[in-house]
Amino acid sequence: MALPPSLRTSVTPPELELVASEQLVEIIPLVSMERTAFISGAYGPLRPPTKCKMPLWMASNLKLKKKCHIVPPTWLNVEFLQDRLTQETTLPSFSEMPFRFAEIAKILLDVAPDDLQNPEKLRTLLKDIREARQAKSREGLSKLDPNELILQNLCAMEINEIRPFFVRGMAVLTQLTREPPPVEPMDET
Amino acid sequence: MSFDWDDDFNAPIAGPSFVDRARNAPEDDDFPIADDFGGGRAGILAQDVAEDTPFQQLIRHWLNERHAPDILPGQELLLGRLLDHIRKQSNDVELLRADPDSSEEEHFRIMLVQTEIERVKFVIRSYIRTRLHKIEKYARHIATTPEIHERLSKAELDHAKRYAKTVEYHFTQSVLQSLPPEQRKLDEDVAFMPPMIPAPDKLRPVFAHALVDCPPMRLPDGSATEMQKGQISLTPYHVVEHLLLRGEVALV
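The listed protein sequences correspond, in order, to chains S and E.
So the first sequence is residues 1 to 189, counted in the numbering used here.
So the second sequence is residues 1 to 252, counted in the numbering used here.
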């Protein structure tokens, strides 16, 4: 019953999606519901058309049953992403994105494309941003050293993607540099 | 975060609903039940609460455990609280299901509550299985290292010791007893060979995400550095271990 081997090295994208689904989103309910107590807090009451906040998993559940519209987060629109893409392609650093943007964007594009304006364009933009950032993380590999590598503004999914290779690379570097310390003091004296 | 909704317990009961029946259930401090018809206030509160609920804490501990090479202190209290909560929610669901004249809306809420129970159960299971994997992998190291014992629950420690003993017994019975006595040892320290008792590799790099501004930490090359809130670093586990145990960083 121990953890299966396939899950031992890293968490999987579906697990990251589960974690991201705990984040709150705003919805416009189409049905009314009393306030209900859940393990993560009490949500509701739903009174159409008053907006209400609830976890993403609950919102997508309601959405799949056509019982609500999801209000997309402020960063999931063409202007914002276009702006980020420009930053991504012109500046050397990673631009600031919500930590779990990839997971949330995927869920919303899958579940509620009709609540987003121009979902096809959003898809393309997200893909372009992803590719621009991927190129940067690959470049970051050359900065790998056995002490520390600071990854400013990297997001959960991107970290998960580079994890196996970066962890292995750094472990090898650590092994290579582990031997010298006993020798160095002798050289200096 | 405290759930300060006790006042709402005395609100007039509108009719048979999930909330009302949950209200009549036995007292449970960490179970926020409120029937708030004020609208606006609820949204703001819910957002604040969602930041660090017991479930959010468990998710953090679960991800830490998944990424850390070493076994981390067990979260028995937190698990107990969540398990109690699951039991309570399941009981309420059972009660409501038994009721023949519940409305369609009621069924829908039952479905949502059950979905959440399954989500929480999944994380709890995965958390325990991750620990079980580490316990079995490092059973003999754990059995011989008293410092680790306090990080395990009683059941986990018993299992580790029993597992280590069983493995040793099996090795002896199947192979070692037919070898010459000098080759029978299971804890030899041979130069240039991996140790016979596997121990967690604290040199393994991890991705650490600073939750607060962290005090200085010492890197393997001897230099000191500080992590600012929100910073993400790839660094060997032993560098951030003490910060992780204090909850100042989370592994991602």
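FYI, nobody ran anything at the bench for these hints, they're computed from the structure.
Since we're looking at a predicted model, the values are computed, not measured.
Wrong hints could be hidden among the right ones.
What the hints assert, rightly or not - Lysine-lysine pairs mimicking DSS-like chemistry, simulated, CA-CA at most 25 Å apart:
(1) S/K53 with E/K154
(2) S/K121 with S/K143
(3) E/K137 with E/K154
(4) S/K65 with E/K154
(5) S/K143 with E/K88
(6) E/K121 with E/K154
(7) E/K137 with E/K88
(8) S/K127 with S/K53
(9) E/K202 with S/K143
(10) S/K106 with S/K136
(11) S/K51 with S/K67
(12) E/K229 with S/K136
(13) E/K121 with E/K165
(14) S/K65 with S/K51
(15) E/K154 with E/K185
| message | Which constraints among the numbered hints does this structure fail? Numbers only, ascending. | response | 1, 2, 4, 5, 7, 8, 13 and 15
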